[in-house]
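Colleague: We have chain B; now place chains X and W onto it with these hints.
Protein chains in written order, with the working numbering: chain B, 1 to 307; chain X, 1001 to 1281; chain W, 2001 to 2417.
I should point out that these hints are in silico values taken from the structure, not numbers from a laboratory. As the structure is a prediction and not an experimental result, all values here were calculated from the model. One or more of the hints may lead you astray.
[Said to hold, decoys possible] Here are the simulated DSSO-like cross-link-like pairs (lysine-lysine), alpha carbons at most 27 Å apart as the crow flies:
1. B/Lys157 - W/Lys2174
2. X/Lys1069 - W/Lys2274
3. W/Lys2234 - W/Lys2070
4. W/Lys2274 - W/Lys2176
5. B/Lys157 - W/Lys2313
6. B/Lys118 - X/Lys1269
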Amino acid sequence: MAQASQATAPRRWNQRTVAPWLFLAPGLFMFGVYVLWPIIQSVTLSFYDWNGLYNQDGQFTGRFVGMGNYAELMTDPAFETSLWNNLKWLVLYMLALPIGLFIAIFLNQTVTGIRLYKSLFFFPFVISQVVVGLIFAWFYAPNFGLFYLLTESITGKGTAILANPDLVTYGIIAAGLWPQIAYVMILYLTGLNNVAPDQIEAARLDGAKGWRMLWYVVLPQLRPATFIAVIVTVIGALRSFDLVSIMTNGGPFGSSRVLSYYMFEMALGEYGFRMGYGAAIAVVLFAIMMIFISGFIWKMWRDEKER
Amino acid sequence: MFPRPIQKSSPAAQWIYTIALPIALILWLFPLLGVALTSLRPASDLAQGNYFGMPSGIAWENYVYIFTKTPIGQYMINSLWVTIPTVIGAVSLSLMTGFALAVYGFRANILVFFMFVAGNFVPFQILMVPVRDMTLQLGMYDTWYGLALFHIAFQTGFCTLFMRNFIKALPYELIEAARVEGVTEWRIFWYIVLPLMRPAIAALSVLVFTFIWNDFFWATVLTQGVDSQPITAGLSSLNGQWIAQWHLVSAGSILAALPPVAMFFLMQKHFIAGLTLGAVK
Amino acid sequence: MVHKLSGAIALGAALMLSTSAFAQDKRVVTWNADYDPIPLAAAEALIADFEAANPEIAVQLTNFDHEAYKNAIRNFLTADAPDLANWYAANRMRPFVEAGLFADISDVWANNGLMDSLASSVPSSTIDGKQYAIPYTYYQWGIYYNRDAYAAAGVEVPGAEGVSWDQFLANCEKFKAASIDCVTTGSSALWPVAGIFDYVSLRTNGYQFHSDLAAGKVSWTSPEARAVFDNLGKLQPFVTENHAAIDWQDAAAIFVQGKAANYVMGNFAVGVFKEGGMTNDNLGFMVFPEITAGVARAEEAPTDTIHLTSGAKNPDDAKTFLAYMASAEAQSKWNAAVGQLPTNSGATVDPADPFLTAGFQALSTATGGIAQFWDRDADAEYAKVGMEGFQQFLVQPEQLEAILARLEQARTRLYPQ
Chain B
1 MAQASQATAP
11 RRWNQRTVAP
21 WLFLAPGLFM
31 FGVYVLWPII
41 QSVTLSFYDW
51 NGLYNQDGQF
61 TGRFVGMGNY
71 AELMTDPAFE
81 TSLWNNLKWL
91 VLYMLALPIG
101 LFIAIFLNQT
111 VTGIRLYKSL
121 FFFPFVISQV
131 VVGLIFAWFY
141 APNFGLFYLL
151 TESITGKGTA
161 ILANPDLVTY
171 GIIAAGLWPQ
181 IAYVMILYLT
191 GLNNVAPDQI
201 EAARLDGAKG
211 WRMLWYVVLP
221 QLRPATFIAV
231 IVTVIGALRS
241 FDLVSIMTNG
251 GPFGSSRVLS
261 YYMFEMALGE
271 YGFRMGYGAA
281 IAVVLFAIMM
291 IFISGFIWKM
301 WRDEKER
Chain X
1001 MFPRPIQKSS
1011 PAAQWIYTIA
1021 LPIALILWLF
1031 PLLGVALTSL
1041 RPASDLAQGN
1051 YFGMPSGIAW
1061 ENYVYIFTKT
1071 PIGQYMINSL
1081 WVTIPTVIGA
1091 VSLSLMTGFA
1101 LAVYGFRANI
1111 LVFFMFVAGN
1121 FVPFQILMVP
1131 VRDMTLQLGM
1141 YDTWYGLALF
1151 HIAFQTGFCT
1161 LFMRNFIKAL
1171 PYELIEAARV
1181 EGVTEWRIFW
1191 YIVLPLMRPA
1201 IAALSVLVFT
1211 FIWNDFFWAT
1221 VLTQGVDSQP
1231 ITAGLSSLNG
1241 QWIAQWHLVS
1251 AGSILAALPP
1261 VAMFFLMQKH
1271 FIAGLTLGAV
1281 K
Chain W
2001 MVHKLSGAIA
2011 LGAALMLSTS
2021 AFAQDKRVVT
2031 WNADYDPIPL
2041 AAAEALIADF
2051 EAANPEIAVQ
2061 LTNFDHEAYK
2071 NAIRNFLTAD
2081 APDLANWYAA
2091 NRMRPFVEAG
2101 LFADISDVWA
2111 NNGLMDSLAS
2121 SVPSSTIDGK
2131 QYAIPYTYYQ
2141 WGIYYNRDAY
2151 AAAGVEVPGA
2161 EGVSWDQFLA
2171 NCEKFKAASI
2181 DCVTTGSSAL
2191 WPVAGIFDYV
2201 SLRTNGYQFH
2211 SDLAAGKVSW
2221 TSPEARAVFD
2231 NLGKLQPFVT
2241 ENHAAIDWQD
2251 AAAIFVQGKA
2261 ANYVMGNFAV
2271 GVFKEGGMTN
2281 DNLGFMVFPE
2291 ITAGVARAEE
2301 APTDTIHLTS
2311 GAKNPDDAKT
2321 FLAYMASAEA
2331 QSKWNAAVGQ
2341 LPTNSGATVD
2351 PADPFLTAGF
2361 QALSTATGGI
2371 AQFWDRDADA
2381 EYAKVGMEGF
2391 QQFLVQPEQL
2401 EAILARLEQA
2411 RTRLYPQ
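Only chain B is shown next, with the shape it has when bound in the complex (with noise of 0.2 Å):
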């Protein structure tokens, strides 16, 4: 940070050392009063057991249990089913990376009409996940969904896939993986462009073809662009929620829950209103994603040192 050594100068109570704060002040109200608050918060609801309901006087009716819903999640089945999803949303979005690679490879040329394109290619991404929900459960409609129909041309079974406890959830990680490679393949369009013409040619020269020339000289320079991808591929596998409550519900019986679709049905689902123990859900998916968000701050802080 050059200008900061600059800019404070003497210590003292002027204009300068003010006005950040009054400028922050109103972003900073917001953050704190709707992030960071209910964050402490709910690490604190995690420790109780509430159904969300007030007595008369408008008093918390909440129970103190201190770890009780921690221990509860350990033996719990759909907690464990909602983890063990949540490793496949992680391990199986990753191909995301791959596949939107390779598009931006093929879209990456000069031809008429390229932009548009380019474009076309990337509409799964601006379009809402509801409605993504929507069209690959109609995708998969037992007795008339084109994937039925195909599995059943083939194998000559249809497969339901959102009725399969087995299948669903790769069923669902298929939908959402089709935004997705469409957003990594924007960001690596966007990197492509910026790769140094002279090094390709020079290592073209050298004799580097096919996969040598992407794995030794394209994706290197491409780091800044894969770092990004990682990142919002990670965060797009935990926040996995739009699609399960909108395809299955979690169903069939549980098979699809992930953490953050099994948080939600215990504090606002029917049946749930257990506060507390959605919270230490809560909490649990919190903590897996601050070792990926302490990581990209980490990065983050390294290259604000080197500038």
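Modeller: Relative to chain B, chains X and W alone:
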């Protein structure tokens, strides 16, 4: 495997590429095309099991139906009521926070900055119960402003990251020069920095518009009725009523997808600039 | 923008205005409800009758969307309680009773002789010996069948008394041979499978077992529970495949088209069947077949109720209205309009509706008892775990041991012995 410009390849390869492009695109958008077609299919086709054959006619009446017989128009208006104030609010707040974090070197600077960045990645679920409870207590449950206020606060995280990096890339000499001439900090922000921020504002506006328009989770948590539910949550509840009426579900889906798609096409350059910030240094 | 911004305030102001404008001298009773259009009209007609008989009282009904109401009630009972609120009997009202949000109305029951006239609903309205609900309507569950499907498969159509269990299973074989689903359901929302499970359970072991099972008093690995799954297993191969991915309305379409012969459902589905083109000529109703001989026949009939809130501002007049809603006269009128059954034994049913008459007949002769439905008899969390188990069994019967182990684990956690 870095593609040579196709122009340098053999005519055959060029020819194959031109053919492959539209085929790949059709395959890629196949689910969407199917839904678009279904949205124009008469209900009678579906009833007779004609899901994928030639439609017996083009049924614009599906769209007429959902506009006249369901509150989808109201849902879309509700979405605007949430989305537009959020865009204005989040962009305004982050212009200020971004300015503060980019221009001033105070001790907590990097800490505050990372807090905004980290908050941006937090899972929604950790905020859900307290935010819902607070919105209820403030009497803002099931209102557009209750939803918009939350979105403003949350989006400020992402927008701050963006604005701060954008302002950092501006020539600092401009600000220095103004300070030497005794221009107050507020006027520096207003008259020097702000006019240079137009591309950033445009990029963030389209991005935030799309994010908020497409938000489903908070719409479900903070609203519940026709009067305030945005289109995503509305479409989900209509889907519950339109069981097996895929022509209506499809028409509703297309409608819900239209505004962000239009926004993307109109502001494509800004949209991608916003999205890929940081992807390339 | 302005009208949305001030929506909540405007609504409140409008209520106050209307109160002062035309109800100046009247005492107001507020009532929050979650009616669809037809029940709403019926409720408004009742209010009109009530106000005519009690000119000094005005009842103000605020109607909510049915789904939204489940959420809304949790808020308004604390924040801004009306005098009366709609809800459901049995365990569904327990959280509100325990949080002190629903008021004890034992006096309304005692003073109006409701213990007799609403006798069948006493257990589901009572918690710890006190009554907290006025039940005013319920509807039967049973087997709806498609006569055309029976004809297509060459199976003899059941008579009014239904068929035996063995006969039913034998019929299923014939339907299977004709590529017709013997029993259909759409369980993506889970609860439809609870109807099938409950009936097999009620017919295998009777009402008391059902009740104890829902209350967590019976082990899932007990011989009685295993017997239920045994019988459910006999039905399993004949249930529509992929039911877990479709909604009950999707299954209704299969049923209406004659691709399925029987549907274990509640009477509210009749409207959907008829919308799909069925008539009294090809739609039939029978009670679920007897399985264990000698087990007194019990039926499922979920009850809808009205409650006095603890925050009521005008409890006295609200109680007058509750007594009215419990009366045979009011219940006959409301249920006739809506097509459901009155809980008051003195009330009457439209004789022209074969399904209502059959339901009334079935329920009034159910010597075994009236169950509320699995998800109202069991606590919410236990109900959900149970329904997931039932659904899984109907998809993967070979997983029985794993399912029972999971259910038993949930039971020992929720109901420590």
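Colleague: Would you mind marking each hint as holding or not holding in the structure?
Modeller: Results of checking the hints against the structure:
no., hint, verdict
1, B/Lys157 - W/Lys2174, "holds, 22 Å"
2, X/Lys1069 - W/Lys2274, "holds, 21 Å"
3, W/Lys2234 - W/Lys2070, "violated, 36 Å"
4, W/Lys2274 - W/Lys2176, "holds, 25 Å"
5, B/Lys157 - W/Lys2313, "violated, 63 Å"
6, B/Lys118 - X/Lys1269, "holds, 12 Å"
Violated hints, in rising order: 3, 5; the structure is consistent with all others.
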